[in-house]
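Go ahead and model the full structure; you've got the sequences and the hints to work with.
The listed protein sequences derive, respectively, from chains A and B. To convert a position in the first sequence, counted from 1, into the numbering used here, add 2. To convert a position in the second sequence, counted from 1, into the numbering used here, add 9.
By construction, these hints were calculated from the structure, which means they are not laboratory data. Do not take every clue at face value.
To be verified - Derived DEER-like restraints, expressed as beta-carbon distance ranges:
id : chain 1 : residue 1 : chain 2 : residue 2 : range
1  : A       : ILE156    : B       : ARG25     : 43 to 51 angstroms
2  : B       : GLU157    : A       : ALA192    : 40 to 48 angstroms
3  : B       : PRO234    : A       : THR102    : 33 to 41 angstroms
4  : A       : VAL149    : B       : VAL227    : 30 to 38 angstroms
Positions of the beta carbon are idealized from the N, C-alpha and C atoms, including for glycine.
As a plain string of letters, each chain reads:
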Amino acid sequence: MPGILVYCELKDGKLKKTSREALSIARKLAGSVGGDVVAVAVDAAYSTEKNAAALEAKVKEVQPAVLLFPGTSNGRDLAPRIAARLGVGVASDVDRLAWTDGKLRARRPVYSGKAFATVEITGTPAIATCRPNAFPVEEGAADPRVVNLPVPAIETKAKTIETKTPEAGEISIAEADIIVSGGRGLKEAANYSYIRDLAHAIGGAVGASRATVDAGWIDHQHQVGQTGRVVSPSLYIAAGISGAIQHLAGMSSSKHIIAINKDPEAAIFRVADLGVVGDLFQILPALTEEVKKAKGAH
Amino acid sequence: MNSVVCISHVPDTEARIKVAGKGVDETGLKFIVSPYDEYALEEAIRIKDAKGGDVTVLTFGPDRAAQALRECLARGATKAIHIKGDASTADALGIAKVLAAAIKTVPHDLVFFGKQGVGTDNGLVGPMVAELLGYPQVNVVTKLEVGEGKITVHREIEAAEEIIESSMPAVITAQKGLNEPRYASLKGIMAAKKVPIDTKSVADLGLQDADIFHQRVVMVSLELPPEKSGGRKIDGSDPVAAAKEILKYIREEAKAL
Ligand SMILES: Cc1cc2nc3c(=O)[nH]c(=O)nc-3n(C[C@H](O)[C@H](O)[C@H](O)COP(=O)(O)OP(=O)(O)OC[C@H]3O[C@@H](n4cnc5c(N)ncnc54)[C@H](O)[C@@H]3O)c2cc1C
Ligand SMILES: Nc1ncnc2c1ncn2[C@@H]1O[C@H](COP(=O)(O)O)[C@@H](O)[C@H]1O
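Below is the structure:
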């Protein structure tokens, strides 16, 4: 019976968190959509052309009502490709999903979260990519059996010749649950160590304002904002960031926000749940110490 | 080497969005070339400067979108195509169908997009055009080298990088970091005024309005997020006391440790 097909990604044979999030919302929807949740993965190096062919074959076999992807780099690479092949639409980067009157309804942040669009996806399957961190992982629910799709032996036009893996321990802001971000208040590149030390102690990723990226203090992979990444971690700590509208657009949907700024009038305080007026060069090291102590006590 | 660059015309990133019905209230809004499309355009111009050929800028949008094309011509694009229509009521696949049909009318080796339109925040149109044209795609590109009959492309993925080799024609979606976009020169602005913009309708491309507008992904409502009022503010002049209070918040309220 047609149900929900979820394209999953594995790391060392285990489902990635973003895939478990997509599976969790799929299970919630399954009651109203009807049918089973089928989890599929391609356990080989990613190729747009090969994975699209493998997934297309599975969609034709299963004929799902809904097809979900994790909103990761590869999920967002593949979803539009397969949608165009099937002649259906995609709602991308959704943070809410519901099955209403026989159709998939999705909410998606637009203008980097300055507004929210609710859309209805007509056509079958209805496709959506799920924004990382937006759908809680159902703890306790057993991971379903993941069907490994056969990799088609097609000649591809594009080939990955090398993958440069991140430095050990580095977490991407796209998927991080905690982000510690620094801005121009850091004064110079070397002072990013204040941010890195706290991020490391707390187990989070390092974020940045555009001012510091443009100054060359840190790589643009770390930029949060309207022209960086839009993130929604559980906890976002901003230090030495003024809170320009383009920065707020990228982080104001974080569940908890702490801001450290020496200017009590800084715009960042308008979105902060906890605002600390003070000098980041004093507060960050003290906080890093406290976090280390707290972790050590466990 | 010929390139086509797809340009979307979007509200300025500083704009505060106002809602009118199911869409954005455009009154008083300043529109700009979507920031990622600027990296796409710059790359195409650099390739043209090194290897010759044309850079055709292409947009699907209302009358005002012609300004975006003029801006791109002033920076160094050599040709411009404007498909007129209210692209805001078309879904990404509808837009992709229009752009793919227009791209087919001009010679090209590379087709450039932004990694996402600022505003729609979709990141869909580029890969959809690639599929419709049967081309390979490389998304979120930070480096591009054109070799003999092939390209070598760096693609950003979660905290890592992939290096991909592809044949041409190919679709590239540009990420910040690909290059440093130039400004228009006065000479460029003057020269751009003389370049005619090839203006067409959706019907001129042999497409039906009913396949492009109000399809597949339909807007139900557009809303603004609730205004945040700002939370608690504490004095950080005693760093250790402040750090303890922050830690308490992290553990008890954010439950993140
Ligand atoms: C098209 C466009 C797109 C953009 N996209 C983005 C984007 O995606 N992301 C983004 O971030 N920006 C973006 N911007 C830039 C944005 O407008 C701001 O310029 C930028 O966010 C400012 O960065 P900042 O807060 O680090 O620096 P500043 O605005 O200079 O703020 C520095 C802050 O540090 C504080 N400070 C200084 N010293 C200390 C200290 N010792 N302790 C504590 N606090 C201190 C100051 O009070 C100040 O508030 C964009 C701009 C444009 C035009
Ligand atoms: N109406 C349009 N006209 C021309 N190009 C567009 C249009 N809409 C989107 N694009 C291109 O597709 C990219 C991705 O847009 P989107 O899928 O809306 O995020 C943009 O950066 C543009 O390069």
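Taking the hints in turn, this is what the structure says about them:
1. At roughly 48 angstroms, the beta carbons of A/ILE156 and B/ARG25 sit within the given window of 43 to 51 angstroms.
2. B/GLU157 and A/ALA192 have their C-beta atoms about 43 angstroms apart, which keeps the hinted 40 to 48 angstroms range intact.
3. For B/PRO234 and A/THR102, the hinted distance range of 33 to 41 angstroms is not satisfied, since their beta carbons lie about 21 angstroms from each other.
4. Distance hint for A/VAL149 and B/VAL227: a CB-CB separation of about 32 angstroms, consistent with the stated range 30 to 38 angstroms.
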